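Build out the structure end to end from the sequences listed, making use of the hints.
Protein chains in written order, with the numbering used here: chain C, 1 to 279; chain P, 1001 to 1158.
Among the hints, erroneous ones may be present.
[Unchecked claim] Some residues of chain C that are not near chain P, with every Cβ distance over 10 Å (derived):
#, residue
1, R103
2, Y132
3, T192
4, K242
[Said to hold, decoys possible] Ranges between beta-carbon positions, derived for each pair:
#, chain 1, residue 1, chain 2, residue 2, range
5, P, D1040, C, P196, 21 to 27 Å
6, P, K1002, C, K85, 55 to 61 Å
7, P, D1040, C, V55, 17 to 23 Å
8, P, G1073, C, G112, 44 to 50 Å
9, P, P1094, C, G112, 53 to 59 Å
10, P, G1042, C, R204, 19 to 25 Å
11, C, V55, P, T1147, 34 to 40 Å
12, C, R140, P, G1073, 46 to 52 Å
13, P, D1040, C, D108, 45 to 51 Å
14, C, V94, P, A1041, 47 to 53 Å
In case anyone wonders, no lab produced these hints; they're calculated from the structure. On a predicted model such as this, the values are computed, not experimentally measured, just so you know. Glycine included, every Cβ here is placed at the ideal spot set by N, Cα and C.
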Amino acid sequence: MPEHSYTVMEPVLYSIERRKRETRDTFTLELVREDGGAPMRFWPGQFNMLYMFGVGEVPISISGDPLDEAKIVHTIRSYGSVTHKMAELRRGDVIGVRGPFGRPWPLDELEGGDVVLAAGGIGLAPLRPVIYSILGRRQRFGDIALIYGERTPSDILFRTLLEQWRGRFDMKIEVTVDSAREGWRGSVGVVTTLIPGLRLDAERTRALICGPQIMMTHTIRALKDKGLTEERIHVSTERNMKCGEGICGHCQLGTVLVCRDGPVFRLSEIGTLLGKREL
Amino acid sequence: MKEHAAEEAEKMLAEHVFFRDLDPAIIKMLSSSARSVSFDAGEPIYREGNEADRFFLIETGRVAIQVFVTGRGSVTVYTVGPGDILGWSWFYSPYRRRFDATALEKTRAVMLEGAFLRERAEEDPRLGYELLKRFSLVAVNRLQDMTLQLLDLYGRHL
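Have a look at this one:
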């Protein structure tokens, strides 16, 4: 993992080089350092704290290519007061960035085997860097499948990119939506309905899951039905991270601090914590 | 709908996940009413209110289960694909379709005669119970899936 070369509590200024609207409530920001320096290096699955000065700070996963040395990319769904304000950012505007924080997806462990990536909603964003990494050295991996669930066809993220990846023919991509108007020719149903149709070799497959907790819970159940053990299932958990360094305790999940010990966990590490009502 | 050779249906039936571990004697009996069929993309398979006298085991392709809503047209509420069952109304009175079904892409399936199976199930409680267990599981899973669909999972919860 890259060494921190900054004071973690002090934001570094980045300016918006490009803002792209993804869907009605989701947008992507491409950031470059205000001082002209190289952006931070990161590992897929890590997140940054993005600071809108005078408004507040939010944890946002990095959604860009880890090999991109020119910019850092975040895809953000507008949920609360800070992200609503962020949705108004334009090219040249400046924000503060702290990070990268957290434990990444276990890319080294994926090599040599098959990989299933299961994304729900904005959960596709933290998985996109994994796909970039895998496709950058495709020959080191076996079968790759991405299953992705969204609310409606118009909420689908990275639509053009998904089509490009599907066109490579070395990666299976299945998208499903919860509801669709007439004209949608794809699948309708929750993302778990895509799992029985996957040809999985449980002994050589690892699954990476990111999405709402209830989606992850049901996805885990379906993958276990396919024979995957908790050792082979990795999840990215979301909590209300604040400091990013395991100091403030805001993101405590039972015995772990998500910002420091996660956000990516092997299921066997937190199996009993995930979905526990009291937590 | 195009029909194919009978022996294809028997082979598909024996290999279909829905009938996994079923007594071979029952498979053989089921095969006597099975036919291999295919549908073109966009082809209606059945309509709400039709008599429900058959069901399908999807082998390839995808089928939309739809509700017609005045002013909105046909709304797809669920899709089924390889390994899935299409149609269970034949098993429950009044044996009428509750939804529309339309092939979204070229689809191959095994078609079984529901009325024939109902009669066999009445005669043989062992067969009837086995079918009930399997179709009930399909119904329970669909109910759970649709409950999750209603929750707006990907909204403000992440």
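Hint check:
In this structure C/R103 is separated from chain P by more than 10 Å, as the shortest Cβ-Cβ distance comes to about 19 Å. For C/Y132, the requirement that its beta carbon stay farther than 10 Å from each beta carbon of chain P is met, with the minimum near 21 Å. A beta-carbon of chain P comes within 10 Å of the beta-carbon of C/T192; the shortest separation is about 7 Å. With a cut of 10 Å on Cβ distances, C/K242 stays outside the contact zone with chain P, its closest approach being about 17 Å.
For the hinted restraint 21 to 27 Å between P/D1040 and C/P196, the CB-CB distance of approximately 25 Å keeps it satisfied. Checked against the hint of 55 to 61 Å, the C-beta distance between P/K1002 and C/K85 comes to roughly 58 Å, which is consistent with it. Against the hinted window of 17 to 23 Å, the Cβ-Cβ separation of P/D1040 and C/V55 comes to about 55 Å, which falls outside the hint. Separated by about 49 Å at the C-beta atoms, P/G1073 and C/G112 satisfy the suggested range of 44 to 50 Å.
In this structure the supplied range 53 to 59 Å holds for P/P1094 paired with C/G112, their Cβ-Cβ distance being about 56 Å. Here the CB-CB span from P/G1042 to C/R204 is close to 39 Å, at odds with the stated 19 to 25 Å. Restraint check, C/V55 to P/T1147: a C-beta distance of roughly 37 Å satisfies the suggested window 34 to 40 Å. In this structure the hint that C/R140 and P/G1073 lie 46 to 52 Å apart at CB holds, the actual value being about 47 Å.
A hinted range of 45 to 51 Å for the beta carbons of P/D1040 and C/D108 is consistent with their spacing of about 47 Å. Remark: the range hint 47 to 53 Å for C/V94 to P/A1041 is upheld by a beta-carbon distance near 51 Å.
Violated hints, listed in ascending order, are 3, 7, 10; each of the other numbered hints is respected by the structure.
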